[in-house]
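> With chain D's structure known, arrange chain B with the ligand on it following the hints.
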Amino acid sequence: MVGLIQKLLFDLIESSAGEEAGREVRRRADVPQDKEFLIYEAYDDAEFRRIFASMLDVLNLGQEEAEEAFAAFFLKDSEVRWPIWFKMAKNAREFLLRQPRIHNGFATSQRDPALRAAIDDKFEVEDCDGEVIVHYKSANQLCGLYMALARRVIIHYGDNAVVKEACCMKNGAPECEIHIL
Amino acid sequence: MALQSPYSADNQKLHDLVEELADQLCPAVDGQFDFSVKVSSHDESIDKLQMLVNLVLDSASRAVQELRGTKDYTENIIRSMIDMLLVVAPDGNIVTANEATCKLLGYRHQELIGHPASMLFCEEDISGAIRPQEAMLHKPGLPSCLAGEGSSGNVETTLRAKSGEEISVLLSDSTMLDGHGQFGGVVCIARDTTESRRLQAERERFNRVIQQSLNEIYIFDSETLHFVDVNYGARKNLGYSMAELREMTPLSLKPEFTAELFAELVKPLRSRTVQKIQFDTIHQRKNGSQYPVEVHLQLTDDHSPMFVAIILDIAERKAAETLLVEAKAVAESASAAKSDFLANMSHEIRTPMTAILGFAENMLDVEQSDSERLNCVHTIRRNGEYLLCLINDILDLSKIEAGEMVAECRDCHPCRVIAEVASLMRVPAAAKGLLLNIEYTGAIPETIPSDSTRLRQILINLIGNAIKFTETGTIRLVTSLVGSDDKPYLQFDVIDTGRGLTESQANKLFQPFMQADTSTTRKFGGTGLGLTISKRFAELLGGDVVISETELGVGSTFRATVATCRLDGMRMLDDPLSATTVPDAPVSVAQESQSDLQGFRILLVEDNRTNQALIVGMLKKVGADVSVEENGRLALDRVLASMQRTSGGHSQPPFDLILMDMQMPVMDGYKATGALRKEGYTGPIIALTANAMQGDGEECLQAGCDDYATKPIDRKKLIELIRRNAQLCPSQHGTISTGRC
Ligand code: HEM
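As given, the protein sequences belong to chains D and B, one line each in that order.
Residue numbers are given in my numbering: position 167 of the first sequence equals residue 167, and the series is strictly consecutive.
Residue numbers are given in my numbering: position 198 of the second sequence equals residue 198, and the series is strictly consecutive.
Just so you know, these hints were derived from the structure itself, not from any lab.
By construction, the Cβ of each residue, glycine as well, lies at the ideal position given by its N, Cα and C atoms.
Treat the hints loosely; a few may be bogus.
With a cut-off of at most 20 angstroms between alpha-carbon atoms, the simulated SDA-like pairs for lysine to any residue come out as follows [said to hold, decoys possible]:
id : chain 1 : residue 1 : chain 2 : residue 2
1  : B       : Lys13     : D       : Leu38
2  : B       : Lys621    : B       : Gly599
3  : B       : Lys48     : D       : Arg81
4  : D       : Lys87     : B       : Ser45
5  : B       : Lys48     : D       : Glu79
6  : B       : Lys671    : B       : Asn631
7  : B       : Lys48     : D       : Gln110
8  : B       : Lys254    : B       : Asp280
9  : D       : Lys122    : B       : Ser59
To give an idea of the chain D side of the interface with chain B (calculated C-beta under 10 angstroms), a few residues [unchecked claim]:
id : residue
10 : Arg101
11 : Gly105
12 : Ala107
Calculated Cβ distances over 12 angstroms to all of chain D for the following chain B residues [unchecked claim]:
id : residue
13 : Leu567
14 : Lys671
15 : Arg677
Only chain D is shown next, with the shape it has when bound in the complex:
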């Protein structure tokens, strides 16, 4: 998992629950207190999963609540950090169609093909007569996060679209399939 996610997670924890909460999460997640997550570096996926799980415990949040909160926090950050990408898309649909390429961009500096593949190919989109169909496949099982982020993007563009999950890996499907229409 690219460090951008972990960095923003701690930012969220610390800004909403204080620095101690951050330290507590690190402790529980077995992350060194002084470890800094660089936003373009790739880190261990398992470590990310520990951080996320610890965050739920420490902040006493449900999975969905956490995803919702992180999505809001993440998108606000992205709008500042990557304003051009938001400008390049005229609407949520265009942004969502480009999203896998943005994500794959974070893998391009990875020399290790295994690490690169871990970032690459998590997302695949299809444009079906205006309906965006997303195929998401990841051991991190963050389809809820995806849907929360997508809804944020829709709000960002002031569009009117519904996000629905057609099938989910958590229910045994080989991949999650999310429809945005």
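Quick look at chain B with the ligand alone, frame taken from chain D:
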């Protein structure tokens, strides 16, 4: 030495990082994009830039890879093409040539690329194949065939190989537009057709042979059975067009075949238990005519199986077979008939022979009385006469069967023949108390070209039979002219009031030795050959003898017909009965024998003393005046001498008739007769010959005789013969009339 930097320390650090990034980017100059840049900045902006640079590099690298893949792919396709691919630039030079082109035309790749395409085209050859708009759209530098626009479709043309050899190709070309929609050249694909032309020619030749084959070849659908193809030979024979046949199945050609029968027949083919079946059947042409065929049927075993039938017309073979069977049957029945005939004949001959020998044996018995001896003599004589008749009949019949009996075709006076027959047959009729009536229906030709002797024999036989089998009543001979103008016949109906015949008796009647029932021979006498002979004679005369009517106990009508020729200009006798003088009135046998030749002067020329005595005795008995000479020489001298005595005077010729033995010492009968005729003797001469064969009689007639009698001499017949010849030519030799004993 480090460069003097205008930047602050922080700025300097940033500057160095950007420098480093830029340096790392340099390999892209070579079109190499499969790398990424990496600097350790801890500056998010530099990192962001670095990430995007890597993103661009990655995209570029992917694009290059994709391009390379596409190029390889395209080149692979072009390389593996069997057809020639040439791309010609607007300037007329070849820009692309695949391996097939190099291989076929014998050039190396470098020898083609950049060289004018025109060197490959035989322009004169292509002139006929170029597109019409070629002249208008001609692009300088391009072969004319490639100068048009759009696609020319397929054009048969010739390419010139490096060796100079001309290669037939099927060329298709299409105009290529560049990225700006401008004319960018021509893409040509050419296929070597040398082989396909050879195959085509081979196919055509094969097809021609098949089409013209006199054996019929049908190809028909294995499911619907509809004809798919039928060769020309078959179509011609059947009389159907291909269009008609496509609507038909082979069953339509087989009057005796049903779909079920056919399905059953082809079962082993469908189940693949046999590869071919063969059967004989009948086919019917459009015009309804039929012909026997031998069919060889196969079911092809490709993805769409078809029946292939080869049909042989076996009409000739069948005809030959039938002929053979018929010939065999004929031969068998002939040989059966012959052995029947022989068996019958030997029986017939043995019977009288046994009687003769038996009675001769009796006569040797010294104890016998004179009257008993006389009785023996009579029996021996009767049987001897019968035997003679039988032998004569057998000889006649065997001559007919051997085809040796020929009918003469001379002027025959039917009414005269009838009159003679009547006069002859009235005697036995009267003896039985029967009447013999001669009747005519309509006019009768005075003469017809036919054979009087045979006609006479026929009538005598039919009337003789009628007399034989009739106990009381009348026998009628009714003569009429029947048939068409083209094919007129004389018809003689002999109608009796006799016992009649059953159908099976009637059927057997014309077979040799078959009388109505075997017991009749004994009761009625006769050889049983008469009807068969009469029928054969009638056939020889272009007619027939049939039983036209018969009813048991009522009577029979036997009908003889004889062909006349066309009667145009022929004299017709409207009242034939009165037109012919018939020696009339039934006479008693005793009367006849006494007065028959009363006062006739006969010269008998015969060397054999016994015969002399026999004949002289016979003739004297009937009142004839007989002189005898021993050989031809003496007879000639005698006749000539007496002729000289009477020459100039009007006295009668020296003899009314000469009986001339033909085999004699000194001068035989042939020479003597010839000499007499040469000297102007015109009186009747009757030959006496021992040979019974037809040719002998002919020879006698040719020698100048009027008639002939065969030895041994039958008294009655001889007298009749003499009477006829002398009577018909009372004082001079005239119409030739033939007859025999
Ligand atoms: C400018 C906008 C965005 C940026 C820069 C961005 C960047 C990233 C990065 C760097 C990761 C970590 C990737 C990894 O290591 O696998 C990530 C993960 C993720 N992003 Fe985004 N993201 C953006 C927008 C979005 C949006 C709009 C969505 C959804 C609609 C989204 C959905 C996710 C999800 C679900 C993951 C987790 C993937 C996983 O590990 O399973 N992101 N994002």
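> Against the structure shown, which of the earlier numbered hints fail to hold, in ascending order?
none
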